[in-house]
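**Student:** Chain residues, written in single-letter form:
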Amino acid sequence: MNGHSVYEPQSGFMKWLEARLPIWSLVHSSFIAYPTPRNLNYWWTFGGILSVLLVIQIVTGIVLAMHYTPHVDYAFNSVDAIMRDVNYGWLLRYVHAVGASMFFFAAYVHLFRGLYYGSYKAPREVLWILGVIILLLMIATGFMGYVLPWGQMSFWAATVITNLFSAIPLFGEAIVTWLWGGYSVGNPTLNRFYSLHYLLPFVILGVVVLHVWALHVVGQNNPTGVEPKSQQDTVPFTPYATIKDSFLMVCFFILYAWFVFYMPNYLGHPDNYVPANPSVTPTHIVPEWYYLPFYAILRAIPNKLLGVVMLVSAIAILAFVPWLDTSRVRSATYRPLYKQFFWIFVVVCIGLGWLGSKPAEGSYVLWARVLTAWYFLHFLIILPALGLWERPRPLPTSITEAVLGPKGGAPVARGAAAPERRG
Amino acid sequence: MGAFRSKALAIAMAAGLLSLMAPARAEDNIPPRQSWSFSGPFGIYDRAQLQRGFKVYREVCGNCHSLKLLSFRDLADPNGPGFSPAQVAAIAAEYKVTDGPNDQGEMFERPGRPADHFPSRYPNDQAARAALGVAPPDMSVLAKARGYERGFPWFIFDVFTQYQEQGVDYIAAMLQGYEETPPQGVNLPQGTYYNKYFPGHAIGMPQPLASNGQVEYTDGTPADLQHYSQDVSAFLMWAAEPSLVRRKRLGLQVMIVLIVLAGLLYFTKKQVWSQVGGHA
Numbered sequence: 007m008n009g010h011s012v013y014e015p016q017s018g019f020m021k022w023l024e025a026r027l028p029i030w031s032l033v034h035s036s037f038i039a040y041p042t043p044r045n046l047n048y049w050w051t052f053g054g055i056l057s058v059l060l061v062i063q064i065v066t067g068i069v070l071a072m073h074y075t076p077h078v079d080y081a082f083n084s085v086d087a088i089m090r091d092v093n094y095g096w097l098l099r100y101v102h103a104v105g106a107s108m109f110f111f112a113a114y115v116h117l118f119r120g121l122y123y124g125s126y127k128a129p130r131e132v133l134w135i136l137g138v139i140i141l142l143l144m145i146a147t148g149f150m151g152y153v154l155p156w157g158q159m160s161f162w163a164a165t166v167i168t169n170l171f172s173a174i175p176l177f178g179e180a181i182v183t184w185l186w187g188g189y190s191v192g193n194p195t196l197n198r199f200y201s202l203h204y205l206l207p208f209v210i211l212g213v214v215v216l217h218v219w220a221l222h223v224v225g226q227n228n229p230t231g232v233e234p235k236s237q238q239d240t241v242p243f244t245p246y247a248t249i250k251d252s253f254l255m256v257c258f259f260i261l262y263a264w265f266v267f268y269m270p271n272y273l274g275h276p277d278n279y280v281p282a283n284p285s286v287t288p289t290h291i292v293p294e295w296y297y298l299p300f301y302a303i304l305r306a307i308p309n310k311l312l313g314v315v316m317l318v319s320a321i322a323i324l325a326f327v328p329w330l331d332t333s334r335v336r337s338a339t340y341r342p343l344y345k346q347f348f349w350i351f352v353v354v355c356i357g358l359g360w361l362g363s364k365p366a367e368g369s370y371v372l373w374a375r376v377l378t379a380w381y382f383l384h385f386l387i388i389l390p391a392l393g394l395w396e397r398p399r400p401l402p403t404s405i406t407e408a409v410l411g412p413k414g415g416a417p418v419a420r421g422a423a424a425p426e427r428r429g
Numbered sequence: 020m021g022a023f024r025s026k027a028l029a030i031a032m033a034a035g036l037l038s039l040m041a042p043a044r045a046e047d048n049i050p051p052r053q054s055w056s057f058s059g060p061f062g063i064y065d066r067a068q069l070q071r072g073f074k075v076y077r078e079v080c081g082n083c084h085s086l087k088l089l090s091f092r093d094l095a096d097p098n099g100p101g102f103s104p105a106q107v108a109a110i111a112a113e114y115k116v117t118d119g120p121n122d123q124g125e126m127f128e129r130p131g132r133p134a135d136h137f138p139s140r141y142p143n144d145q146a147a148r149a150a151l152g153v154a155p156p157d158m159s160v161l162a163k164a165r166g167y168e169r170g171f172p173w174f175i176f177d178v179f180t181q182y183q184e185q186g187v188d189y190i191a192a193m194l195q196g197y198e199e200t201p202p203q204g205v206n207l208p209q210g211t212y213y214n215k216y217f218p219g220h221a222i223g224m225p226q227p228l229a230s231n232g233q234v235e236y237t238d239g240t241p242a243d244l245q246h247y248s249q250d251v252s253a254f255l256m257w258a259a260e261p262s263l264v265r266r267k268r269l270g271l272q273v274m275i276v277l278i279v280l281a282g283l284l285y286f287t288k289k290q291v292w293s294q295v296g297g298h299a
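Line order of the protein sequences matches chains A and B.
In short: position in the first sequence from 1, add 6, done, that's our numbering.
In short: position in the second sequence from 1, add 19, done, that's our numbering.
One or more hints might be untrue.
What the hints assert, rightly or not - No farther apart than 16 Å at their CA atoms in a straight line, the calculated lysine to aspartate or glutamate pairs in the EDC-like style are these: (1) Lys74/B <-> Asp243/B; (2) Lys87/B <-> Asp91/A; (3) Lys74/B <-> Glu235/B; (4) Lys87/B <-> Asp79/A; (5) Lys115/B <-> Asp96/B; (6) Lys87/B <-> Asp157/B.
Stated by the list, open to error - In silico contact screen, one side only, chain B against chain A (beta carbon under 10 Å); selected entries: (7) Pro60; (8) Ile63; (9) Ser90; (10) Arg140; (11) Gln181; (12) Gly186; (13) Arg266; (14) Leu271; (15) Ala281; (16) Gln294.
What the hints assert, rightly or not - Negatives, chain B to chain A, calculated, CB over 10 Å: (17) Asp93; (18) Pro133; (19) Asn206; (20) Val234.
It is worth saying that the hints were derived from the structure and are not from the lab.
Yeah, the Cβ is synthetic: ideal placement off N, Cα and C, and Gly gets one too.
So here's chain B without its partners, still in its complex pose (with noise of 0.2 Å):
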């Protein structure tokens, strides 16, 4: 009991002092949290919407960022965006790919098949930013390569919420936090842009989603802003994470097996110790 108490002491105190040693939080633009289809325990991708991210990527972020880690065969996950075969080889075909070298010792090009991975648009990073002003970053893992800071004492109830969808709610409030003014006594470097979210406000990025109907939807979903962005940022979230709805799937079953298998040795360790006595 007194052990239980000086526990639970420390554990106040421990929180205490947390709170005494941060000083007052500047307030910041905290990424606007969302719901995903992918989020929680039960979580798995909705394929319309990732189709739907996909046809944004390949028409606007493609243009300039690579997805080089993926091959086209990945689209047809049927956990993700689950594009038919014949699908995929069609979205293949429209990109051309770098082969060879040949039977002349030459390099060539040719359409591309699902086991090729995504061509990049730019040979190296150099290139990009000869051409653009800044590297675009690869978007294959983007979405676990980014977040912010939850902060005290919001990472401890993270832990029990399995609140882990920081990167894909920045990258949608990114999408949406351009400011076409910034506010006074902001100056933006040269070539930069003000974003509410972008840390350090100034982006080399121009605004990439805007008007409306810039993109196509054919399913009846709203083509605005708010849609692109959180149907490409769910995009980018399977493209880094493809193996979520089978790692949550099978985390259920190890679960359920875990809880039966100490509830079982618990009455086991009971039995066996009640022969002992006097133990807890």
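One chain only, chain A, in its complex shape (with noise of 0.2 Å):
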């Protein structure tokens, strides 16, 4: 793809600093003059949503850091202290519980979004592929951030967690014993959680830089999944897209707002905030909610070992969606079958999460069944089978075309291409 327009240094300083460094040419070439496909939705604007929410879980972490005791004896009482006794320590607290909420909500957003509009084919497979990385380790960084409070579910849901470990054959037990740092989750489990939870993020951070890299490398896709061939068919990053993204980030934060300020706890469980107690048992033992739906996949199956199989195989297979999806389509728009189970799938998740609050009873369990099958049945039959049986919808033979008509274009194109010389 061509650029729009290439960074020209004006200053004296910054022709100094572009011969050293040229850092600037690379911001104006990535976030300024980037070429952006002209159609994208508001569904686009989760990546930019994001990394400004890992960006507002990092600075609030290390604040929280600061105050935070990983000790079994003081974790439960710093965090009440933080949230009674350091200046906007209550908000401090909120907004980082409530924004791993938001984080994983963007996430399955922006996840469903690639899925829909087929983000993950040729050539944006590697782009796609640090996207789950991405996922894996927020699933594991926001798992050790939710034991650091050290209340009940904490403590449980790291007993559980940690557990399945036990079901590799052979080794299973020693890796537990070497997880814990004991003979049961305690103070070294803690202690090391907390490392982890001040690692991870920034291990994350780095593949974001990869992952962003990937796509500038690659181009963005776009609801018709045809790629951009001319300057017609994309606009600048800015101002078209950063104004766009701002105003749905802004948006965003009105839902982060109203959790924040309204309604802290409502995405917590009450248990989390009695002190942890190894001799008492939660009656459940729930995750937050954006583990329910692979809580539910583990529960489902009846034996354990196979059970923690399925579960990591829920997230693997993420990986492989590049090359099950045997569809020359990308876009679920000119796909009619695929479209219809996509939001099959969308559904059976949903009903995945709310299996998987729910205690592993009766007929509760013969849903998550049902369920768990058709979520591996939808990546492993109904994918790779759509892409030889569905007849696509024609294709536009251009992004302009999709959006202006056969006719539409050249006198607004010319100003698209180079709006900082217009008027």
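Both chains are given apart, each in its own frame, so use the hints to dock them into the complex.
**Tutor:** This is how it looks when you write it as structure tokens:
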């Protein structure tokens, strides 16, 4: 793809800097002149939202870490002291805790957008796989962060999840002891979780840089799934994408603020305000809402090892989607059958989430098995088969045609191509 | 248009699936919903109610339950009970606090000061259990540590109505939920009492508030079980979430800023994109 303009330093200092470290031209080509398809809809704004959310999590997290005590005897009380005695500590903690939920919500929207519009297809496989790696890292980070307040759910979630490793044949028990740093979840476990919870966000940040780099090599997908063919098909990132991203980001923050300021504990569990007690098991151990679909899959399988394998596969299978989907058409807009199966899949995931919050008994188990089966069938059977059978609708010849109709374009596009020269 | 229809269809399907999967709900005792001064986006604590609630805590609950994460100085919170500094000092002085070690290396007792945390009646859970049979939970964040499951579809409506007082509703209901004689066929374990709202119904705590006039009210509020329960529940909500009033107040300001900013950005975006055409 062609850029819209090339950065030329104007001032003396910028010329001097450009010759030594061309950092501003990197920023310019990535976030100002970067050509972005003109037909991107609002589902494309979540990548930007996620970047900002990551920064918010890191900044609030660093300040929280200044006041938190990673010790089984003090962790719970130190979190409470943050809420009571640190200036705006309640705000920091709620922004961070609700922020985790918002992060997962935005990530899931981002992921389903990719599934709907076929954003994983060539040449974006590496971009997609990096995204799956970010999701895995997020899951690990979020889980360890949930353990830190050392409430009942923290403790028992840590116990349940670390125990999953005991399903590994031969070395399982040894691995679990090694993870715990002892013979049960205890102070060494809390300490290492704290250390890793501080480390992993920076690993995520690193992979995000790779993710954005890969994105800027292959360019963004778009709702038609047709690659941009001319300058008419794209607009420069600034002002077009920046203003659009900013608008939806602020709308997203309204949702975020709604939870932070008005119902900060809605997304949590009351039991996590009970200090961890190894001798009392909660009636129902449930993870945070964003893990519920995976938790339902884990519990749907009667065999522990197989359950763990399915749990891991449920995430890992996403990395293979670029090759499981055999269709040559990217966007579901032109795939009448896939579009329906996509929405069924969304419903299945929501259903699994709901089942994950229920006790594993009676009809819940049966439904969890049905939906788990569908989850995997969607990827293993439906995606490959649809590509072979489905008759896609005809694709537009270009993005501009899809936006303006066959005759649209030229005069408007000139303005779009060089907005900085507009009067 | 088509995308919108399929989305609407998906939502309808999800709702249908959820109601299909839910087995018929056993009729539980759902705590009745109370009206609280601190609910909703403009909620604030009722100072007189918190002061009455504190009185109930001090004279009844505090005999067993600790409040160890709070300091006496917290009672002066203008958004909370709002006691004067002199009142706080007087309240603190009524408690005995262990301090030390002194120059002789010994711990000693002295009257409490506003900066002290509320002392616990029992040195640890084991001592409490030995004395009472069960360890009474600390009450500092109890109102956030209790609740009951709302179930589908109520948990979705709650997001919009901001209903999040399950904890206090439960506590208020539980305090009034004792029954002298358990229903037929219910066998209570030794040393437990029947409570309509307590999960499992067998509660280790004997009915703490019963008779009218047990705690003296001086502001004309009826001194009965219903008011005791509500007042002490409200006090516990404040104890668990003292920042609630400031949080909601700041929230309103943040919301106004965000909504205005979103409006401005929307029209700016429209203006910028009007040059390109053909885009929503």
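**Student:** For each hint, tell me whether it holds in the structure or not.
**Tutor:** Status of the hints after comparison with the structure:
1. In summary, the hint linking lysine 74/B to aspartate 243/B is supported, as the alpha carbons are separated by about 14 Å, within the 16 Å threshold.
2. Of the supplied pair hints, the one linking lysine 87/B and aspartate 91/A holds, its CA atoms being roughly 14 Å apart against a limit of 16 Å.
3. With a C-alpha separation of about 9 Å, the suggested pairing of lysine 74/B with glutamate 235/B holds against the 16 Å cut-off.
4. Note on lysine 87/B and aspartate 79/A: the hinted pairing holds, with a Cα-Cα distance of about 14 Å set against a maximum of 16 Å.
5. With a C-alpha separation of about 22 Å, the suggested pair lysine 115/B and aspartate 96/B falls outside the 16 Å cut-off, and the hint is violated.
6. This hinted pair checks out: lysine 87/B and aspartate 157/B have alpha carbons roughly 7 Å apart, not beyond 16 Å.
7. Because the closest C-beta pair between proline 60/B and chain A is about 6 Å apart, less than 10 Å, the hint holds.
8. For isoleucine 63/B, the shortest C-beta to C-beta distance to chain A is roughly 14 Å, which exceeds 10 Å, and the interface hint is violated.
9. The beta carbon of serine 90/B comes within 8 Å of a beta carbon in chain A, closer than 10 Å, and the hint placing it at the interface holds.
10. This hint is violated: arginine 140/B has a C-beta 18 Å from the nearest C-beta of chain A, more than the 10 Å allowed.
11. At a threshold of 10 Å, the smallest CB-CB gap from glutamine 181/B to chain A is about 5 Å, leaving the interface hint in force.
12. Hint status for glycine 186/B relative to chain A: holds, with the closest Cβ pair at about 6 Å, below 10 Å.
13. Annotation: interface hint on arginine 266/B holds; nearest CB of chain A at approximately 6 Å, less than 10 Å.
14. Because the smallest distance between the Cβ of leucine 271/B and any Cβ of chain A comes to about 8 Å, under 10 Å, the interface hint for this residue holds.
15. Taking 10 Å as the C-beta cut-off, the interface hint given for alanine 281/B holds, the closest approach to chain A being about 4 Å.
16. Checking glutamine 294/B against chain A by beta carbon gives a least distance of about 5 Å; that is within 10 Å, so the hint holds.
17. For aspartate 93/B, the non-interface assignment is contradicted: its Cβ lies about 7 Å from the closest Cβ of chain A, within the 10 Å cut-off.
18. Under the 10 Å C-beta cut-off, the non-interface status given to proline 133/B relative to chain A holds; the minimum distance is some 14 Å.
19. Every CB of chain A lies more than 10 Å from the CB of asparagine 206/B, the least distance being 20 Å, so the non-interface label holds.
20. For valine 234/B, the condition that its CB be more than 10 Å from all CB atoms of chain A holds, with the nearest at approximately 26 Å.
Comparing the model with each numbered hint stated earlier shows that hints 5, 8, 10 and 17 do not hold.
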